[in-house]
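With chain A fixed as given, assemble chain B onto it according to the hints.
Just so you know, the sequences run in chain order A and B.
Using this note's numbering, count along the first sequence one by one with no gaps and you end on 177.
Using this note's numbering, count along the second sequence one by one with no gaps and you end on 1150.
Hints in this document: simulated from the structure, not taken from any laboratory.
Any given hint could turn out to be false.
Below, in silico cross-link-like pairs of lysine-lysine (DSS-like), each with a Cα-Cα straight-line distance of 27 angstroms or less [claimed, not checked]:
| no. | chain 1 | residue 1 | chain 2 | residue 2 |
| --- | --- | --- | --- | --- |
| 1 | A | Lys57 | B | Lys1080 |
| 2 | A | Lys154 | A | Lys57 |
| 3 | A | Lys90 | A | Lys154 |
| 4 | A | Lys173 | A | Lys147 |
| 5 | A | Lys173 | A | Lys92 |
| 6 | A | Lys154 | A | Lys39 |
| 7 | A | Lys147 | A | Lys3 |
| 8 | A | Lys92 | B | Lys1100 |
| 9 | A | Lys173 | A | Lys154 |
| 10 | B | Lys1100 | A | Lys57 |
| 11 | A | Lys154 | B | Lys1100 |
| 12 | A | Lys64 | A | Lys90 |
| 13 | A | Lys57 | A | Lys3 |
| 14 | A | Lys147 | A | Lys39 |
| 15 | B | Lys1100 | A | Lys39 |
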Amino acid sequence: MSKSLRYILPLLAFLVLAGFLARGLNLDPREVPSPLIGKPAPGFALTRLDDAAQTIKREDLLGKVWVLNVWASWCVACREEHPMLVEFAKRKLVPLYGLNYKDKRPEGLGWLQQFGNPYNASLFDEDGRVGIDFGVYGVPETFVIDKQGVIRLKHIGPLTPDVIRERIEPILKQLNA
Amino acid sequence: MRSSLIALLASLWLAFASHANEAAPAAADPVLEARMTRITAELRCLVCQNQTIADSNADLAQDLRRQVREMLARGDDDAKIIQYMTDRYGDFVLYRPPMKATTMLLWFGPALMVVLGLAALAVVMRRRARAGAAQFEPDDPALFTDTHQS
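Chain A with its partners taken away, still in its complex shape (with noise of 0.2 angstroms):
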């Protein structure tokens, strides 16, 4: 072994090293990959948030790409979270529905009522069950789906304008294209 690859090997090794270290730092250990993604959104058939008596269905939304954002009343990173919504919602983009998750509808309305409603419409999900279909674990949490009711995208917490720059408007614009 030559001299000079003695003091060089220790310093490879260690770049190596930091750099696994550095992407260590880099992840999120919460931000679990979503097995979903490339697979039909979940089958489900809840009543509207602001009106119990009106259902929605998942055929009812085929054919059209569309948003479906995971909120709840208790959360607090939907708070944060809230703004943006409700300006992407003005650009109209795309329909926008929530998923108001394991929340009373009095004060998930009240909620809506407070800080705007970016939703064409809620669905109510009570006891989480639809929320365990799309294996929701952090709310809030954002899925885009195609007109064949595909899941193409997932986002965990909450979204910012970079995401939403990033990820959500290329895909969209991708899918409607």
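Below, chain B without anything else, positioned relative to chain A:
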């Protein structure tokens, strides 16, 4: 004889009736509850990731325990329940990840490291064994002078 038969039937009916009453809340069935605990102890809670679904008090874990209870009461077997969970949350929920192409490194990485380490050790030791005396630093004679005489 006849009256005892009626008594027997009546007691049987009572037994079934009371059994039907007990079965209603699944949690009250200790066998089912034990199965539920055994299965959920193998599953990672996604909210507090270092706890199992059996241990966690997170809302989601409670809901998933309820779900497992219902599936067991319906007669689903363990494999079906595990499938139900991985369909929704991926292999991430399994504390025993399945062996497949993407998890090979996870399963065999540690053994691979040991093999590499041993190989490196063997190479170094053989090289040293073959090296001539001239390759090593000469012994310092001062270290070998008789110290016990002084």
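Right, here's what the structure says about each hint:
1. A/Lys57 to B/Lys1080: holds (26 angstroms)
2. A/Lys154 to A/Lys57: holds (20 angstroms)
3. A/Lys90 to A/Lys154: holds (21 angstroms)
4. A/Lys173 to A/Lys147: holds (13 angstroms)
5. A/Lys173 to A/Lys92: holds (13 angstroms)
6. A/Lys154 to A/Lys39: holds (12 angstroms)
7. A/Lys147 to A/Lys3: Roughly 64 angstroms between the alpha carbons, so the hint for A/Lys147 and A/Lys3 is violated.
8. A/Lys92 to B/Lys1100: Between A/Lys92 and B/Lys1100 the Cα gap is close to 43 angstroms, so the pair fails against 27 angstroms, i.e. violated.
9. A/Lys173 to A/Lys154: holds (16 angstroms)
10. B/Lys1100 to A/Lys57: Status violated; Cα separation ~36 angstroms.
11. A/Lys154 to B/Lys1100: With a Cα-Cα distance of about 24 angstroms, the restraint between A/Lys154 and B/Lys1100 holds, given a limit of 27 angstroms.
12. A/Lys64 to A/Lys90: holds (18 angstroms)
13. A/Lys57 to A/Lys3: Roughly 71 angstroms between the alpha carbons, so the hint for A/Lys57 and A/Lys3 is violated.
14. A/Lys147 to A/Lys39: holds (13 angstroms)
15. B/Lys1100 to A/Lys39: Roughly 20 angstroms separates the two Cα atoms, so the pair holds.
Of the numbered hints listed earlier, those contradicted by the structure are 7, 8, 10, 13.
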